[in-house]
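Chains as they are written, first to last, in my numbering: chain A, 1 to 377; chain B, 1001 to 1224.
Since the hints were derived computationally from the structure, they do not count as laboratory data. It is possible that some hints are incorrect.
Claimed, not checked - Calculated cross-link-like contacts (lysine-lysine; reagent style DSS-like; alpha-carbon spacing at most 30 Å):
#1 B:K1110 - A:K326
#2 B:K1042 - B:K1110
#3 B:K1057 - A:K247
#4 A:K91 - B:K1110
#5 B:K1146 - A:K315
#6 A:K327 - B:K1042
#7 A:K326 - B:K1146
#8 B:K1057 - B:K1042
#9 A:K327 - A:K247
#10 A:K91 - B:K1042
#11 A:K315 - B:K1154
#12 B:K1045 - B:K1165
#13 B:K1057 - B:K1154
#14 A:K91 - B:K1045
#15 A:K68 - B:K1090
#16 A:K68 - B:K1057
#17 B:K1165 - A:K315
#18 B:K1045 - A:K315
#19 B:K1057 - A:K83
#20 A:K304 - B:K1110
#21 B:K1110 - B:K1045
#22 A:K315 - A:K247
#23 B:K1146 - A:K304
#24 A:K326 - B:K1154
#25 A:K68 - B:K1042
#26 B:K1110 - A:K315
#27 B:K1045 - A:K327
#28 B:K1154 - B:K1165
#29 A:K83 - B:K1165
#30 B:K1110 - A:K247
#31 A:K326 - A:K304
#32 B:K1057 - A:K315
#33 A:K247 - B:K1165
#34 A:K68 - B:K1045
#35 B:K1057 - A:K327
Claimed, not checked - With the Cβ distance kept under 10 Å, some of the chain B side facing chain A (calculated, not the full set):
#36 A1039
#37 F1074
#38 R1076
#39 E1084
#40 K1110
Being a predicted model, the structure only gives us computed values, none of them experimental. Each residue gets a CB set at the ideal place from its N, CA and C atoms; glycine is no exception.
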Amino acid sequence: MIHTKRNSSGNGLNNSNRSRVEDNNDRCTNHEICENSEYQKASISSSPQDRAREWLTYLYSGHTTATKRDEFVVWLNSSDENKQAFTRSQKVWQTIGMTDSAVEWMQQHAAQQPATVPKAKPTRVLAKSLMALSAMAASVALLVFNGVFNTTTHLTLPQPQTAFTSPVGQNRHITLSDGSDITLAGNSSILVAITDNERRITLRKGSAYFDVSHDPSRVFSVTAQQTQVRVRGTAFEVKYSPNNSLKISVQRGLVDVADLPETAEQREQVLQLRPNEQLHTDIQGRFISPITVFQPETEFAWLKQRLIYDNVPLKNVIMDINRYVKKPVIILDNSINELPITASFTFEQIEPMLDGLASAYPITLTHEATRSVLTEE
Amino acid sequence: MSKTLQKASLFFLNSHVKTQALEITSAASKPKTIQAPNAIDKLFKAHWRDVCRILHKCYGSGPPEPEDVAQEAFSRIAQMRDLEQIADPKAYIIKIAMNITLKSIGHLCKTRDFIAQHTQLPEDQCDDVCPETILQGEQRIAAIQKGTEQLTEKQRDILMRARIKGQTYSEISSDTGWSVADICRQLNAAMAILERIDEQENNPNDQAFSSHVSPSNISTEPKS
Chain A
1 MIHTKRNSSG NGLNNSNRSR VEDNNDRCTN HEICENSEYQ KASISSSPQD RAREWLTYLY
61 SGHTTATKRD EFVVWLNSSD ENKQAFTRSQ KVWQTIGMTD SAVEWMQQHA AQQPATVPKA
121 KPTRVLAKSL MALSAMAASV ALLVFNGVFN TTTHLTLPQP QTAFTSPVGQ NRHITLSDGS
181 DITLAGNSSI LVAITDNERR ITLRKGSAYF DVSHDPSRVF SVTAQQTQVR VRGTAFEVKY
241 SPNNSLKISV QRGLVDVADL PETAEQREQV LQLRPNEQLH TDIQGRFISP ITVFQPETEF
301 AWLKQRLIYD NVPLKNVIMD INRYVKKPVI ILDNSINELP ITASFTFEQI EPMLDGLASA
361 YPITLTHEAT RSVLTEE
Chain B
1001 MSKTLQKASL FFLNSHVKTQ ALEITSAASK PKTIQAPNAI DKLFKAHWRD VCRILHKCYG
1061 SGPPEPEDVA QEAFSRIAQM RDLEQIADPK AYIIKIAMNI TLKSIGHLCK TRDFIAQHTQ
1121 LPEDQCDDVC PETILQGEQR IAAIQKGTEQ LTEKQRDILM RARIKGQTYS EISSDTGWSV
1181 ADICRQLNAA MAILERIDEQ ENNPNDQAFS SHVSPSNIST EPKS
């Protein structure tokens, strides 16, 4: 087995106390154990299946290093027996997600979580301060997040952040204290932190256009998932697209797009975009498209309450439309997801546009009580 | 093109796109939805809110947003050929939604990519849950289900947090107060039990595996 260190906590302590004892005396993780000599001896006698299991749980632990991953590759390729053992562990791991036990656990887990919707109070104070409370809650959540997950070696004081959210159905314009203008597309959300040294934005969902005031002393950065866009004075858009990919489109100035490393040992990849250039990244920050040129009149039409598409997949069009309609539009047939759409309409024309879609394309539109459904004709 | 589009009040390129669109849809030879709309609609009305609630509680508000994930899950089940085969559609939808969400967790994506790259298994076979795989792997699922019922409460919680919630050891430790070392030990013990039962159920004549994960080997409590 992987665990070669043992403590002597079998003395009647309850679980939490025992955990604390272990925490102090037994800090062996897969990674650490792999590097000590006791483990080297133990691993000689362990079976390929034991090692496969240890590697699998290590890889999914969220604490891997490049060195250990290289060791895994060497181990895996050293024999067919190892490969078979790892495949067996992997299949078991995969199958756990298909069991009813997994669903039962999710339901129990959900029931144990504290309610997220605050109880209504019989006064109007709550309603009046709802926006302020939302911003405070977001800030507190971020402070907690930083406190728990910040693993740097020096103390950094988290900056207070303010949340801005736009409603479904309309854009929202915001002017920041540094003079930068932001336009949020419908149903979008950002966090903003502005200090003497930096201007930091986090795009939480949707799409946002930034017209950044020039300030050489303070970088203006927009982070979404593992992608960060850095500028000093320019105009650009960052937008969530289907499959959690991101689209960065530059209208003016120069923009650096960085693939943020998840660990200290990884190097940051940076690409520079010029005006009218566009780039797509995936959820992990990887650049998944070459830099392409786009039509700013089409791309930024939403700033003038219009949506324009020139051979754009239907799923992208519907994702945009859903920022501006109260009743969501759903595609129920994957076969029409990639249908190329060419259309131009204002926000107010979305309903007739949907009806027009059904007559212009091989699709059927069904209006239900809570949603509109698109299916293949 | 763009200039025309900007000026148009409501504009489609019908004749041009219609042909192209038909080519696309005919090329996509995916199974056509054959479910009665009423059946899907009933499922939607009965379970939509609860599925969204469970996703929200387990994975937070996103991205991806629970509503988007639930919609995708309902969409996938709507495209299934035989809805009647599913004993518990709600559980089915939750399993699919869970898998969709897990595909959006960064460290899991990297691990899946890494494993797929080095085991030369297609990525979707590494860690995918779809209606087809659920139906095809019934025997293995039954074995693993049986295995999970034999785990201690703590082992099951850690296993599910790692596998179903996609938490790292640090996150599990932060939520539960258990040490990272203990979490590592319990997770390996739980997996050993599941692997042993999977082997027994699917290959009962092979005793070699079973001997490696005898009860003494998978003890989870620290020995004094």
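So, going through the hints one by one against the coordinates:
Our distance criterion of 30 Å between C-alpha atoms is broken by B:K1110 and A:K326, whose separation comes to about 36 Å. Our distance criterion of 30 Å between C-alpha atoms is broken by B:K1042 and B:K1110, whose separation comes to about 37 Å. Of the pairs offered as hints, the one joining B:K1057 and A:K247 holds, with about 29 Å between alpha carbons and a cut-off of 30 Å not exceeded. Pair hint A:K91 plus B:K1110 holds up; C-alpha atoms about 18 Å apart against a cutoff of 30 Å.
Taken as a hint, the B:K1146 and A:K315 pair is broken in the structure, with Cα atoms around 40 Å apart against an allowance of 30 Å. Taken as a hint, the A:K327 and B:K1042 pair is honoured in the structure, with Cα atoms around 18 Å apart against an allowance of 30 Å. Between A:K326 and B:K1146 the alpha-carbon distance is near 45 Å, which puts this suggested pair outside the 30 Å criterion. Annotation: proposed proximity of B:K1057 to B:K1042 holds, straight-line Cα distance about 24 Å (limit 30 Å).
For the hint pairing A:K327 with A:K247, the CA-to-CA distance comes to about 25 Å; that is within 30 Å, so the pair holds. With a CA separation close to 34 Å, the supplied pair A:K91 and B:K1042 exceeds the 30 Å bound. Taking the CA atoms of A:K315 and B:K1154, the gap is near 42 Å; set against the 30 Å cutoff, the hint is violated. Distance check on the hinted pair: B:K1045 and B:K1165 sit about 26 Å apart at the alpha-carbon level, within 30 Å; holds.
Between B:K1057 and B:K1154 the alpha-carbon distance is near 20 Å, which keeps this suggested pair within the 30 Å criterion. At roughly 34 Å between alpha-carbon atoms, A:K91 and B:K1045 are farther apart than 30 Å, so this suggested pair is violated. As the CA atoms of A:K68 and B:K1090 are separated by approximately 40 Å, the hinted pair breaks the 30 Å bound. Distance check on the hinted pair: A:K68 and B:K1057 sit about 34 Å apart at the alpha-carbon level, beyond 30 Å; violated.
Restraint check: the Cα-Cα separation between B:K1165 and A:K315 comes to about 28 Å, which is no more than 30 Å; the hinted pair holds. Under the criterion of a C-alpha separation no larger than 30 Å, the hint pairing B:K1045 with A:K315 is consistent with the structure, at around 23 Å. For the proposed pair B:K1057 and A:K83, the alpha carbon gap of about 37 Å is over 30 Å, so the pair is violated. Between A:K304 and B:K1110, the direct Cα distance comes to roughly 39 Å. Violation of the 30 Å bound is thereby established for this hinted pair.
Between B:K1110 and B:K1045, the direct Cα distance comes to roughly 36 Å. Violation of the 30 Å bound is thereby established for this hinted pair. Between A:K315 and A:K247 the alpha-carbon distance is near 15 Å, which keeps this suggested pair within the 30 Å criterion. Between B:K1146 and A:K304 the alpha-carbon distance is near 59 Å, which puts this suggested pair outside the 30 Å criterion. About 44 Å separates the Cα atoms of A:K326 and B:K1154, which puts this hinted pair outside 30 Å; it is violated.
Taking the CA atoms of A:K68 and B:K1042, the gap is about 50 Å. The hint is violated against a cut of 30 Å. This hinted pair checks out: B:K1110 and A:K315 have alpha carbons roughly 26 Å apart, not beyond 30 Å. Note on B:K1045 and A:K327: the hinted pairing holds, with a Cα-Cα distance of about 15 Å set against a maximum of 30 Å. Of the supplied pair hints, the one linking B:K1154 and B:K1165 holds, its CA atoms being roughly 15 Å apart against a limit of 30 Å.
At most 30 Å may separate the alpha-carbon atoms for a hinted pair to count; A:K83 and B:K1165 meet this at roughly 27 Å. A hinted pair counts as satisfied when its Cα atoms are at most 30 Å apart, and B:K1110 with A:K247 qualifies at roughly 21 Å. Our distance criterion of 30 Å between C-alpha atoms is met by A:K326 and A:K304, whose separation comes to about 20 Å. Only pairs whose Cα atoms come within 30 Å are accepted, and B:K1057 paired with A:K315 is accepted, the gap being roughly 27 Å.
The hinted pair formed by A:K247 and B:K1165 meets the criterion: a straight-line CA distance of about 28 Å does not exceed 30 Å. Proposed proximity of A:K68 and B:K1045 is contradicted: the alpha carbons are some 48 Å apart, above 30 Å. Proximity of B:K1057 to A:K327 is assessed by CA-CA distance (about 24 Å); at most 30 Å being required, the pair is judged to hold. Among the interface hints, the one on B:A1039 is violated; its C-beta lies about 13 Å from the nearest C-beta in chain A, farther than the 10 Å criterion.
A distance limit of 10 Å between C-beta atoms decides the matter here; for B:F1074 the minimum to chain A is near 8 Å, and the interface restraint holds. Look at B:R1076: its Cβ gets to within about 8 Å of chain A, closer than 10 Å, so that hint holds up. Evaluation of the B:E1084 hint against chain A yields a violated restraint, the C-beta minimum of about 18 Å exceeding 10 Å. Hint status for B:K1110: holds, given a least beta-carbon distance of 6 Å to chain A, under 10 Å.
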